[in-house]
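Peer 1: Listed below are the residues making up each chain.
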Amino acid sequence: MEFKFDMEKNKDKVEEFRVFIDENRDRPGVLMPVLQEAQGKFGFLPEPVLELISQDLRIPLADIYGVATFYSQFTFIPKGEHNISVCLGTACYVKGAEKVLAEIEKVLGIKSGGTTPDLKFSITPTRCIGACGLAPVVNIDDDIHGKLKVEDIKGIIDKYR
Amino acid sequence: MMSQEKLREIKENARPLLDERLKVEDKTEVRDGNIVLKGDYYKKQVRIALRNCEIILPESIEEYIALDGYSALGKMLFEMTPEDVVNTMIESNLRGRGGAGFPAGRKWLEAFKYDADQKYIICNADEGDPGAYMDRSILEGDPHSVLEGMAIAGYAIGANQGFIYVRAEYPLAVKRLQAAIKQAKEYGVLGNNIFGTDFSFDIELRLGAGAFVCGEGTALMESIEGKRGMPRVKIHRTAHRGLWQKPTVINNVETLANIPVIFQRGAKWFRGIGTEKSPGTKVFALVGKVKESGLVEVPMGTSLREIVFDIGGGVADGKAAKAVQTGGPSGGCIPVELFDTPVDFESLAKIGSIMGSGGMVVMDETDCMVDIARFFLEFSVDESCGKCVPCREGTKRMLELLEKITGGNGEEEDIARMESLAVTISTGSLCGLGQTAPNPVTSTLHYFRDEYEAHIRDKTCPAGHCQALLEYYITEDCIGCTKCARSCPVSCISGKVKERHVIDTDACIKCGNCMEVCPVGAVILR
Ligand SMILES: Cc1cc2nc3c(=O)[nH]c(=O)nc-3n(C[C@H](O)[C@H](O)[C@H](O)COP(=O)(O)O)c2cc1C
Ligand code: SF4
Ligand code: SF4
Ligand code: FES
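As you go down the protein sequences, you meet chains F and R in turn.
0 is the number of the first residue of the first sequence in numbering that gives the first Met the number 0; add one for each residue after it.
0 is the number of the first residue of the second sequence in numbering that gives the first Met the number 0; add one for each residue after it.
These are computed hints drawn from the structure, not numbers from a lab.
Just so we're clear, the structure is a prediction, and the values are computed from it rather than from any experiment.
Be aware that a few hints might be false.
Simulated pairs of lysine-lysine, DSS-like, Cα-Cα distance not exceeding 25 Å [unchecked claim]:
{"id": "1", "chain 1": "R", "residue 1": "K509", "chain 2": "F", "residue 2": "K148"}
{"id": "2", "chain 1": "R", "residue 1": "K26", "chain 2": "R", "residue 2": "K37"}
{"id": "3", "chain 1": "R", "residue 1": "K37", "chain 2": "F", "residue 2": "K98"}
{"id": "4", "chain 1": "R", "residue 1": "K26", "chain 2": "F", "residue 2": "K153"}
{"id": "5", "chain 1": "R", "residue 1": "K174", "chain 2": "F", "residue 2": "K40"}
{"id": "6", "chain 1": "F", "residue 1": "K98", "chain 2": "R", "residue 2": "K321"}
{"id": "7", "chain 1": "R", "residue 1": "K321", "chain 2": "F", "residue 2": "K78"}
{"id": "8", "chain 1": "F", "residue 1": "K94", "chain 2": "R", "residue 2": "K37"}
{"id": "9", "chain 1": "F", "residue 1": "K98", "chain 2": "R", "residue 2": "K318"}
{"id": "10", "chain 1": "R", "residue 1": "K482", "chain 2": "F", "residue 2": "K153"}
Here are a few chain R residues that sit away from chain F, every Cβ distance over 12 Å (derived from the structure) [as the list claims (entries may be wrong)]:
{"id": "11", "residue": "N86"}
{"id": "12", "residue": "T423"}
{"id": "13", "residue": "A453"}
A short, non-exhaustive set of chain F residues, derived as facing chain R with CB atoms under 7 Å [stated by the list, open to error]:
{"id": "14", "residue": "Y92"}
{"id": "15", "residue": "R126"}
{"id": "16", "residue": "C127"}
{"id": "17", "residue": "G132"}
The beta carbon of each residue, even a glycine, is placed where N, CA and C say it ideally should be.
Start from the sequences and build out the full structure, keeping to the hints where you can.
Peer 2: Rendered as structure tokens:
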């Protein structure tokens, strides 16, 4: 599915972002913090924003894509209003994280890494989030849901609808 | 401006307040003059790196100072030369806690001796092992101990700038570190002219972006430089040419948290703990099928049995322990027969695993070792940076073989294929990721070969885990309600009303419908 980004509608944010670039341009190794700022501000890395970074910092777009695609945290599609991170670390895996993920995919009708077309939910697979004692663990926005059972999942997701 | 007198004054004011608060909260006690957490879980532990965690308020520099924080830094600035500091580190023989166990003092010495206009200290807080959270707890629970450790390292090698490279998945750690750096600068224990001397040291945070390989020292430096985090070919030591080609010392969070205590109490004291070759303690994240999971810090040389059974209370749900996985994707599975092995760098390497950063995942009889190997290989395939062919392609081929075996299509020759691949991958890869990626396979092949053979020859999974090798079966609990027969898409369930039903296993497509609809749970996988 295509997600469009409108620079006009996001004018204020784009302006703030330009200021951030300006304030940091002399920091060595600035590309990563700039991409992180963009992702934080816009929720993902829209193409026009990457072009802006390229022109402003005079870094070839190909290099920027090279960096952005290397790190799994950067995404080129928007995240939904609610982000469901499913821990697939070792402790969670041995306690059935795979089944939990499969159930979430089933309930939302999207694959891990995707966003629902109504932009309500995203599923993000993650590695250990440091709550192994509560395995299997799912983080929805900032709430940790631990010791999950497959049966509970639908009910939990419904609370965020 | 901070001075030693002022630090003492802050300590004297803050200590009674801390004691008062702890008394009210009643979760600590005093053991050998140290404040420790109460309870059986902590009795067998010796907490050095975690000494302040859950005791002081992480947002409060005063509470850190109340428990002798920044006193080591203050003292050494006046009483020790950088060379003395390096020598004390060498004498303590503190070995890197990030996985490889390289002596910190030797690394410092290299950077100390190398002349340059600019040097750097890096704190590796990328904590990539999936299933481990030791460093996170230190960063969140006691951020100042890491800052003090870094400043000490900076003084020793002559660096005035430090970087902390933190995983982006740890937002709270980032927040606590930011607050701690700000406070430390306000108090004059970080920043310009620390303790009024001409030593200046600043620390900047850099966030990772979800790439495991960036935990590798040179990849991490590439990442800080704003590039793809791919390991460098190691022509130069990073202590000579690291970040921006300047002498750089990179140490792990837990390594750094140990340093202030070593200087408070002396290298001799430190060497008195743990074993001769691996002094001190190690923090483990004890997780998985263990009764009491959590962080455990014990002297090096403690046996796995003591950790899993005496501290962790054994395996949960009345099941039998089968193995412990240490070292994450670079490590191996240690069978229960070897639980008397002391935990130190050498002993674990000898039995085909590694110490690693401290992940310790307990597995019980229902965990399939072939599947665990597959799980870690999948991780390595995902995380290989792609620079070396043996790592990039070899791990993929290895994963395919493991999927073939757990999927019930394994052939006799596959074991030999994997063994040969393992050698190719580990000898032909540039960095530790590729070099150790086959370990989960080789260690399980060594200790649990019969499980591989059962998957391949008998097409069964002894642990009852691998779906493709299991059969749906209706037990005598069946009440003959016929629900399963009606739900079966291929009509392979036969049986009369009120009589036990039977599945024709050859025709079954393993859709799982029958199990879901059975009202009495009579359909099982076996
Ligand atoms: C693939 C790979 C991942 C690593 N991940 C980490 C990590 O997350 N944290 C860490 O401290 N060290 C990690 N290391 C080890 C570092 O390369 C380095 O040895 C360590 O940070 C040095 O600090 P120490 O001597 O204090 O342990 C990793 C190594 C490799 C090869
Ligand atoms: S061994 Fe693997 S992760 Fe390491 S540099 Fe080579 S390809 Fe990259
Ligand atoms: S698992 Fe599906 S195909 Fe097999 S017996 Fe049950 S309902 Fe029929
Ligand atoms: S493995 Fe899931 S929280 Fe640690």
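Peer 1: Could you run down the list of hints and mark each one as holding or not?
Peer 2: For each hint, the structure was consulted:
For the hint linking R/K509 to F/K148, the alpha-carbon distance of about 22 Å falls within 25 Å, and the restraint holds. With a C-alpha separation of about 6 Å, the suggested pair R/K26 and R/K37 falls inside the 25 Å cut-off, and the hint holds. Using a Cα cut-off of 25 Å, the hinted pair R/K37 and F/K98 is violated, with the two alpha carbons roughly 37 Å apart. Proximity of R/K26 to F/K153 is assessed by CA-CA distance (about 38 Å); at most 25 Å being required, the pair is judged violated.
Our distance criterion of 25 Å between C-alpha atoms is met by R/K174 and F/K40, whose separation comes to about 18 Å. For the hint pairing F/K98 with R/K321, the CA-to-CA distance comes to about 22 Å; that is within 25 Å, so the pair holds. Of the pairs offered as hints, the one joining R/K321 and F/K78 is violated, with about 41 Å between alpha carbons and a cut-off of 25 Å exceeded. Between F/K94 and R/K37 the CA atoms are separated by roughly 29 Å; this puts the pair beyond 25 Å, and the hint is violated.
The straight-line distance between the Cα atoms of F/K98 and R/K318 is roughly 21 Å, inside the 25 Å bound, and the hint therefore holds. Distance restraint check for R/K482 and F/K153: the Cα-Cα separation of roughly 24 Å lies within the 25 Å cut-off, and the hinted pair is therefore satisfied. A cut-off of 12 Å between C-beta atoms confirms that R/N86 is not in contact with chain F; the least separation is 32 Å. Consistency note on R/T423: stated as away from chain F, and its beta-carbon is indeed over 12 Å from all of that chain's, at 25 Å minimum.
Chain F leaves R/A453 outside its interface by the beta-carbon criterion, the shortest separation being 20 Å against a cut-off of 12 Å. With 7 Å as the threshold, the beta carbon of F/Y92 comes within range of chain R, its nearest partner Cβ sitting at about 6 Å, so the hint holds. Below 7 Å, beta-carbon pairs count as interface contacts, and F/R126 has one with chain R at about 4 Å; its hint therefore holds. The interface hint given for F/C127 is met, as the beta carbon of that residue sits about 5 Å from the closest beta carbon of chain R, less than 7 Å.
A hinted interface residue such as F/G132 counts as satisfied when its beta carbon comes closer than 7 Å to some beta carbon of chain R; here the least separation is about 4 Å, so the hint holds.
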